[in-house]
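Student: Construct the complete structure from the given sequences, taking the supplied hints into account.
Residue numbers (the numbering used here), protein chains in the order written: chain A, 1 to 106; chain S, 1 to 121.
No wet-lab data here; the hints were simulated from the structure. Hints may contain errors.
With a straight-line Cα cutoff of 20 Å, these simulated PhoX-like cross-link-like pairs (lysine-lysine) come out [stated by the list, open to error]:
1. S:K52 - S:K65
2. S:K52 - S:K76
3. A:K102 - A:K41
4. A:K44 - S:K43
5. A:K38 - S:K76
6. A:K41 - S:K43
7. A:K44 - A:K106
8. A:K38 - A:K106
9. A:K38 - A:K102
10. A:K102 - S:K43
Just a few of them, taken from the derived set where beta-carbon distance is under 8 Å, the chain S residues facing chain A [stated by the list, open to error]:
11. G44
12. L45
13. D54
14. Y59
15. Y80
16. P101
17. S105
18. G106
19. T107
20. V108
Glycine residues also receive a C-beta, built at the ideal position from the N, C-alpha and C atoms.
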Amino acid sequence: IQLTQSPSSLSASVRDRVTITCRASQGINNYLVWYQQKPGKAPKLLIYGSSTLQTGVPSRFSGSGSGTDFTLTISSLQPEDFATYYCQQVNSYPPTFGGGTKVEIK
Amino acid sequence: EVQLVESGGDLVQPGGSLRLSCAASGFTFSTYWMSWVRQAPGKGLEWVANIKQDVTKTYYVDSVKGRFTISRDNAKNSLYLQMNSLRVEDTAIYYCARDHPIAASGTVDHWGQGTLVTVSS
Numbered sequence: 001i002q003l004t005q006s007p008s009s010l011s012a013s014v015r016d017r018v019t020i021t022c023r024a025s026q027g028i029n030n031y032l033v034w035y036q037q038k039p040g041k042a043p044k045l046l047i048y049g050s051s052t053l054q055t056g057v058p059s060r061f062s063g064s065g066s067g068t069d070f071t072l073t074i075s076s077l078q079p080e081d082f083a084t085y086y087c088q089q090v091n092s093y094p095p096t097f098g099g100g101t102k103v104e105i106k
Numbered sequence: 001e002v003q004l005v006e007s008g009g010d011l012v013q014p015g016g017s018l019r020l021s022c023a024a025s026g027f028t029f030s031t032y033w034m035s036w037v038r039q040a041p042g043k044g045l046e047w048v049a050n051i052k053q054d055v056t057k058t059y060y061v062d063s064v065k066g067r068f069t070i071s072r073d074n075a076k077n078s079l080y081l082q083m084n085s086l087r088v089e090d091t092a093i094y095y096c097a098r099d100h101p102i103a104a105s106g107t108v109d110h111w112g113q114g115t116l117v118t119v120s121s
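Tutor: Rendered as structure tokens:
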């Protein structure tokens, strides 16, 4: 299953609302995961099951979608949110990742 | 605190072998699926393999099937990845990863710091 993220990169300002999309090549129910990765660091789990926030993740992050189209929204971008975001499908083996979306400072 | 510490990364020639290890602590290792995920330099993430708690099930990405073997020793709280017939395209940081206890298998809730495998002549 292929996952296509868009955009591949974006520039935004602190307090902006940011939306990243992830489209699957076939239906994956709600088995969609979002990770955040900062340079030189391991990824961090943000959201699983399309919309369930991982413990400890700020509520400004939210996820939605089902089937083939999914979104990650950051309601008010904070300085620590500048990073690369990946979606992953875990509906069927092998789990696959999207190509990533780099969120940069405008 | 959950800790996953990888070791074994190195520079190896194409066709060579390497064994990665991951020492787990801070949780009951024997009750979790465990995974390996890799990331080529400057590239995205690629799931490699995972293994069930009782070792009865293992899964691999097609590109490593027949060359890599994932295993675990629950008595030693350790995860392993035996990599044979290595190719240049296997060059990557390899992350040891713990699968989320509730979410679907393959969902990673804790990651190690990674170990670098470089395949080059």
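Student: Would you mind marking each hint as holding or not holding in the structure?
Tutor: Against the structure, the hints come out as follows:
1. A distance of roughly 17 Å separates the Cα atoms of K52 of chain S and K65 of chain S; the hinted pair therefore holds under the 20 Å criterion.
2. As the CA atoms of K52 of chain S and K76 of chain S are separated by approximately 16 Å, the hinted pair is consistent with the 20 Å bound.
3. Simply put, K102 of chain A and K41 of chain A have alpha-carbon atoms about 14 Å apart, close enough for the 20 Å limit, and the pair holds.
4. Annotation: proposed proximity of K44 of chain A to K43 of chain S holds, straight-line Cα distance about 17 Å (limit 20 Å).
5. Between K38 of chain A and K76 of chain S, the direct Cα distance comes to roughly 31 Å. Violation of the 20 Å bound is thereby established for this hinted pair.
6. For a cut-off of 20 Å, the pair hint linking K41 of chain A to K43 of chain S stands: about 13 Å separates their Cα positions.
7. At most 20 Å may separate the alpha-carbon atoms for a hinted pair to count; K44 of chain A and K106 of chain A exceed this at roughly 23 Å.
8. Under the criterion of a C-alpha separation no larger than 20 Å, the hint pairing K38 of chain A with K106 of chain A is consistent with the structure, at around 17 Å.
9. For the given pair, K38 of chain A sits about 10 Å from K102 of chain A by alpha-carbon distance, which is consistent with the 20 Å threshold.
10. Note on K102 of chain A and K43 of chain S: the hinted pairing holds, with a Cα-Cα distance of about 12 Å set against a maximum of 20 Å.
11. With a cut of 8 Å, the hint placing G44 of chain S at the interface with chain A holds, because the nearest CB-to-CB distance is about 5 Å.
12. For L45 of chain S, the interface hint holds, the least distance from its beta-carbon to any beta-carbon of chain A being 4 Å, beneath 8 Å.
13. With its C-beta approaching chain A no nearer than about 18 Å, D54 of chain S sits outside the 8 Å limit, and its interface hint is violated.
14. At its closest, the beta carbon of Y59 of chain S sits 5 Å from a beta carbon of chain A; the interface hint therefore holds under the 8 Å criterion.
15. With its C-beta approaching chain A no nearer than about 19 Å, Y80 of chain S sits outside the 8 Å limit, and its interface hint is violated.
16. Hint status for P101 of chain S: violated, given a least beta-carbon distance of 11 Å to chain A, over 8 Å.
17. Because the smallest distance between the Cβ of S105 of chain S and any Cβ of chain A comes to about 7 Å, under 8 Å, the interface hint for this residue holds.
18. This hint holds: G106 of chain S has a C-beta 4 Å from the nearest C-beta of chain A, less than the 8 Å allowed.
19. This hint holds: T107 of chain S has a C-beta 5 Å from the nearest C-beta of chain A, less than the 8 Å allowed.
20. Given the 8 Å rule on beta carbons, the hint for V108 of chain S holds: about 6 Å separates it from the nearest Cβ of chain A.
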